[in-house]
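As they're listed, the protein sequences go chains L and P.
Residue 1 is where the first sequence starts when you use the working numbering, and the numbers rise one by one after that.
Residue 1 is where the second sequence starts when you use the working numbering, and the numbers rise one by one after that.
Treat the hints with care, since some could be wrong.
Derived Cβ-Cβ restraints for the label pairs, each shown as a range [stated by the list, open to error]:
id, chain 1, residue 1, chain 2, residue 2, range
1, P, G332, L, V87, 55 to 65 Å
2, L, K109, P, E241, 49 to 59 Å
3, L, P59, P, Y190, 44 to 54 Å
4, P, L322, L, T67, 44 to 54 Å
5, L, Q33, P, R269, 12 to 22 Å
6, L, D85, P, A54, 36 to 46 Å
7, P, A38, L, G123, 30 to 40 Å
Hints listed in this document are in silico derivations from the structure and should not be mistaken for laboratory results.
Beta carbons: idealized from backbone N, C-alpha and C, even for Gly.
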Amino acid sequence: MKTTQILFAGFGGQGVLFAGKFLAYKGLVQDKQVSWLPSYGPEMRGGTANCSVILSDTPVGSPIITTPDVLVAMNLPSLQKFVNDVVPGGIIILDSTLISAKVERDDVKVFYVPATQMAKDAGYPTLANMILTGKVLKESGAAAWEGNRETLEAFIPAKKANLIDVNCQALQSGYDF
Amino acid sequence: MAQRVLMKGNEAIAEAAIRAGCRHYFGYPITPQTEIAAYMAKKMPKIGGVFLQAESEIASINMVYGAAATGCRVMTSSSSPGISLKSEGLSYIAGSDIPALVVNVQRGGPGLGGIQPSQSDYFQATKGGGHGDYRMIVLAPASVQEMASLTIKGFNLADKYLMTSMILADGTIGQMMEPISFEEAEVETYEKPWALTGTEGKRKHNIVNSLYLQPDALEKKNFERYERYKIVEENEPMWEEYMMEDAEICVVAFGIASRVAKNAVVAARNEGIKVGLIRPITLWPFPKKALRAAADKCKSFISVELSMGQMIEDIQLATECLRPVTLCNRAGGMIPSPDQVLESIRKAQKGE
């Protein structure tokens, strides 16, 4: 029996909600119990945005995450806001292109992934979110790695199907980092 | 079992309404429920239904009033300040004894307030936001699945009892996505001999109206209406009991607060505290009997609410003030944490 609480946080426009949605769909196709809760309102239009995803083998109680098992931070304010909420033994994955600070806690596993730079270099500059998501899947075991393409196909609309390949590549490069 | 899909709570309401046979939606956008209108705008034209964005909330509720008078399934949705505007129409619909479904995805108030989740429209929904003696059936979903099932139920109950059903949700349940499966909708159909469908010269015309200038006639209408409400109170209360078998402390919470409370109940049980949860699913009719029965077994009650304490009064009434009821709350768009609820449970255990 496993429950993983994942908090994605960053600026509006970085794809925080999309990355969370991808993980929620991973859970759905793997027959897990799932909740996905976005911050909504002005945050979506450029402020700080975050998104809480819970993947579980048992029914999800509160969809609100106060103590994440995994924190993905895509900017400094998000890291500062949530760093102390992560459970001891939890995981923090941060975009080290955008955050130069180091995490001072020694009771969590921290992964510094230069996702924004990697995305730029690979020619898909808007997919830093998916690089970080690849890392989440590798380090957290929240959902099985297999089936990423099928998951993307399940919720990316047909007219954007051409983006599935690059999303898969971004996930892979995060996984391999 | 039907296939699971991921959906926002707001979208689940819209899809369920369509499955329940609703083909008329009149609305006006407001956060955090706009997805309902967006879904209807996309779907209704494809299935021969009506989606209409009115010029205001007041216009849209009166369009609901008009459509409901013809006997069709009709709905509107809004959020707290918008429901205040619609309240005049809600009173007229009640005074005319016709069915409608109204959704309130609550946000913090009073006034324009904020856009974050809240439950502070409990009084407005259960005691009547509009004028006059009337009730609405108030359904409080706690999951995306229930957003759908209670919408269908709401239409059925509205038709059955000729009154408005209100879905009283909040920003969290409206915005969150969860897996949901649409079983074959249990749509009940009722004869509507009162509906304004055109006489074709074959029958006496029907009148849908809330104006009765003769006080004795108006009194009679009110008494008749409350006879009907009595049947609703007898037959329709819905609630969920969780770990109540041996509970000494009873937490009462609905909607998103019940999800947080459930986490706290589990945590408290792990500390050996005998605590359970009663989750009202209908806020009106309030599950009085379940609460009264719990008062015989439990030493105290805790009301967990996203308001300054509104349901707590109904708990005190239902339990006939036999046991102390404490309040565990946040307001203005904030949500209590499981730890806050757990702390309240610990205090109740110590008799504080």
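Status of the hints after comparison with the structure:
no.: 1; hint: G332(P) / V87(L): 55 to 65 Å; result: 28 Å, violated
no.: 2; hint: K109(L) / E241(P): 49 to 59 Å; result: 41 Å, violated
no.: 3; hint: P59(L) / Y190(P): 44 to 54 Å; result: 35 Å, violated
no.: 4; hint: L322(P) / T67(L): 44 to 54 Å; result: 37 Å, violated
no.: 5; hint: Q33(L) / R269(P): 12 to 22 Å; result: 20 Å, holds
no.: 6; hint: D85(L) / A54(P): 36 to 46 Å; result: 43 Å, holds
no.: 7; hint: A38(P) / G123(L): 30 to 40 Å; result: 34 Å, holds
Violated hints, listed in ascending order, are 1, 2, 3 and 4; each of the other numbered hints is respected by the structure.
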